[in-house]
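Participant: Build the full structure now, drawing on both the sequences and the hints.
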Amino acid sequence: MLNQIKKAILEGEIDSVQDLVKKALEEGTDALEVLNKACIPAVEKAGLLFEAGDYFLPELIAAGEATKTAMDILLPEVKGRKEKWKSVATFLIGTVEGDVHDIGKTIVASMLSASGFDVIDLGIDVSTEKFVETVREMKPEFVGLSALLTSTMPKQKTVIEALKTAGLREDVKVFVGGAPVTESWAKSIGADCYAQDAVAAVKIAKRLIG
Amino acid sequence: MRSLMTVLTEDEVIRIHEATLHVLESTGVRVDSDKAIKILVQHGAKADGTRVRMPKAMVEEAIRKVQKEVILAARDPKYSLTLPTKNFTYNATSGYSPFVKDMETGETRNSTAADLKDYAVLCDYLDLVAFFWPIAMPTEEKSPILEELCALDVSLRNTRKHIQCSCAWGTAAEYQIQLAAVVAGGEEALRKNPIFSAVASPNTPLIFEKDVVEAMIILAEAGVPVVPMNVPLAGTTAPVTLAGAITLTNAEQIATLVILKCANPDAPMVYSSDTGIADLRNGQVNYEAPEYPLLAAACAQMARYYGLPSCVAHGSSEVRPFESSYGFERNVLKIVMSQMTRTDLSAWIGSLDNAINSSLWDVVLDVEALEQALAYLRMFEVNDDTLALDAIAEAGPGGHFLAHRHTIKHFRKELWVRKLEDTFIFDAADDLPFPEKAKEKVREILSSHQVPMIDEDKQKEMDKIMEMARRKISK
Ligand code: B12
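Protein chains in written order, with our numbering: chain A, 1 to 210; chain B, 1001 to 1475.
Certain hints may be false.
To be verified - Which chain A residues face chain B? A few, computed with CB under 8 Å, are given here:
hint, residue
1, A52
2, F56
3, L57
4, G98
5, V100
6, I107
7, L149
8, T150
9, S151
10, A179
11, P180
12, E183
13, S184
14, D197
15, A198
16, V199
Unchecked claim - Here are the simulated DSSO-like cross-link-like pairs (lysine-lysine), alpha carbons at most 30 Å apart as the crow flies:
hint, chain 1, residue 1, chain 2, residue 2
17, B, K1458, A, K130
18, A, K157, B, K1142
19, B, K1210, A, K130
20, A, K130, B, K1413
21, A, K187, B, K1142
22, A, K157, B, K1210
23, B, K1142, A, K164
24, A, K22, A, K45
25, A, K157, B, K1472
26, B, K1142, A, K173
27, A, K130, B, K1038
28, B, K1472, A, K130
What the hints assert, rightly or not - Per label pair, the in silico range of CB-to-CB distance:
hint, chain 1, residue 1, chain 2, residue 2, range
29, B, D1353, A, D54, 24 to 34 Å
30, B, V1240, A, D54, 50 to 60 Å
31, B, A1375, A, D197, 36 to 46 Å
Source of the hints: derived by calculation from the structure; they are not laboratory data. The beta-carbon is built from N, C-alpha and C at its ideal position, and this holds for glycine as well.
Facilitator: Dropping the structure here:
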């Protein structure tokens, strides 16, 4: 059964993953065991296949989504128990105000989500206030700011300054990205990290949480 | 006789058209502007919140109103273009990149209005640049709206050719129209002779952002041709199947046509896309993909089906610099393939790093490559004389044609012969790298070419508009 779940995750079969996980629980398999012996190894395997060039983004992301649906069933079973399952971290992401470029940010969000992060995607043309408010409310570990126009890149700085003013800057690590964004720009505006693509973003974020 | 590239059969064109009607009627588009929704509903669209569905009859009505002819006028009428071209492509610089490679240091840095001026003067000089996209943005401006406005201002002053600029905000549209009207001699003159057209793009899939759609309406009302260049990427923002990506491209183009025609039944439009594919290993745009020219060819066919002029193929190699004639000639062939689609307009010259970067010398190199590409794109006649029956009979089996009258009469026209001094790249005695040779050419042109100035009082009026815009727009 655990192998079947693993296989279904690797094939991104969301529906059958749900059925299989439910069945496993009904048959008395421990939720934590399903997590540790099927879900997590499956996502890790998908990641390895991706790095080796055998898997493409759609497959990687579908595997991540399938895992999430499994988690949705498993987590309530695990919570409240002594052994706690640790979700990786929360990543808040959005494209800054005045900018409607969507895909890059969405790919980063999907990759993070596929890698086990809890992702809050605020979409595009997101006001500075919205970023700050959401940080205050949701207390994410990471904030990602996407900008594809040189004329909207300064908004990345505005958000960072606004987080400082709101006394929230120390609580989050700020990532910046987007085609015209560079490492040196990231440094100059006081961002914590720059990633040139989604794969790098995931790597860096994972490294930061150890 | 001319080499053309088509990928869809006639039946397939019609299927894509029908699929498009289906998408617009059943899925519809998202329109984030009350003003636009109101106009659309008045003309028969069904709105449910921001979701707007366009019934078949309404779409067909818009298609019936397609202009037979679109004029892209120019400050100097000698450079005005009439579309569709039918048989050839007008080429322009690529556009709106935020970086340039510095002529002196070779380093990449933010572009400025001064750079844009150099590009405009250079392209005013180069014959094969038929119209001008502000290739580098004046990034010193304080807002994206001011960038778009300043880009038009600098271009108008420094080239006599038609300008196709970016316009993603209603406010930018208003000021751009004011500026161009000064040069054209009033808003009515601008309507008759639109000396600029505007790229205002739907956001794939199926979204019309408030600012963009309001800009479209303002432009349509003023009679400025709208170029709704969308960028569906198969695999991320568009279906991964080529047929699906073409259908989505087409649906967004035709939805734009409907919007423009509702705003003004005479509104001119250029069917325009940069449909491509996403590299599914990393999600990036893959301009080097073999599917890229195929998608362009299909889009050009769809545009022709509606009688709309097109700006859909922008092929050239992003792999630079050209260190060898191999790389250079590979680019020639990419340009050839792109223009075999018979796109009316193509905007690609001088683009580097997926349209993020640009350089003056790459403009010169691209124009040189285009010159060579045109050899593949010539028209050849098939008639009694060119069929050469007499010559074949006279030479007979085993004879030859080398010094035949027929050969002497035709070879200079039929075969691509250039004077050696016409190309500065391959035949120069020195062996400087291509980019260095091209840089010399750029310096030569910029130091000698004078673009006639706009009348002084008109310039003063333009100054006033720019001042007012800079005062009012801060964000
Ligand atoms: C597609 C596209 C559009 C589409 C967007 C559709 C959509 N659904 O998103 C449309 C047509 C709507 C559009 C509109 C415009 N665009 Co545009 N667009 C592009 C294009 C061709 C590709 C962008 C893209 O999707 N790339 C694919 C993704 C996967 O790559 P990516 O975004 O770079 O993201 C990767 C990394 O950067 C990174 N990343 C991205 N975000 C983040 C965030 C974080 C936190 C991290 C860590 C990493 C990260 O990871 C991603 C995945 O690997 C670029 C050219 C380019 N080379 O980028 C121009 C480009 C960005 N656009 C440009 C322009 C000028 C515009 C317009 C003003 C023009 C117009 N008239 O339409 C408008 C602006 C509208 C607005 N208000 O924002 C210019 C910008 C120039 C400048 N001054 O900065 C560019 C460079 C092209 C050009 N030279 O004209 N555009």
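Participant: Hints first: check each against the structure and report whether it holds.
Facilitator: Here's how the hints hold up against the structure:
no.	hint	in the structure
1	A52	violated (11 Å)
2	F56	holds (4 Å)
3	L57	holds (5 Å)
4	G98	holds (6 Å)
5	V100	holds (5 Å)
6	I107	holds (4 Å)
7	L149	holds (6 Å)
8	T150	holds (4 Å)
9	S151	holds (4 Å)
10	A179	holds (5 Å)
11	P180	holds (5 Å)
12	E183	violated (13 Å)
13	S184	violated (11 Å)
14	D197	holds (5 Å)
15	A198	holds (6 Å)
16	V199	holds (7 Å)
17	B:K1458 / A:K130	violated (44 Å)
18	A:K157 / B:K1142	holds (14 Å)
19	B:K1210 / A:K130	holds (19 Å)
20	A:K130 / B:K1413	violated (66 Å)
21	A:K187 / B:K1142	holds (21 Å)
22	A:K157 / B:K1210	holds (25 Å)
23	B:K1142 / A:K164	holds (23 Å)
24	A:K22 / A:K45	holds (22 Å)
25	A:K157 / B:K1472	holds (23 Å)
26	B:K1142 / A:K173	holds (28 Å)
27	A:K130 / B:K1038	holds (29 Å)
28	B:K1472 / A:K130	holds (25 Å)
29	B:D1353 / A:D54: 24 to 34 Å	holds (29 Å)
30	B:V1240 / A:D54: 50 to 60 Å	violated (18 Å)
31	B:A1375 / A:D197: 36 to 46 Å	holds (39 Å)
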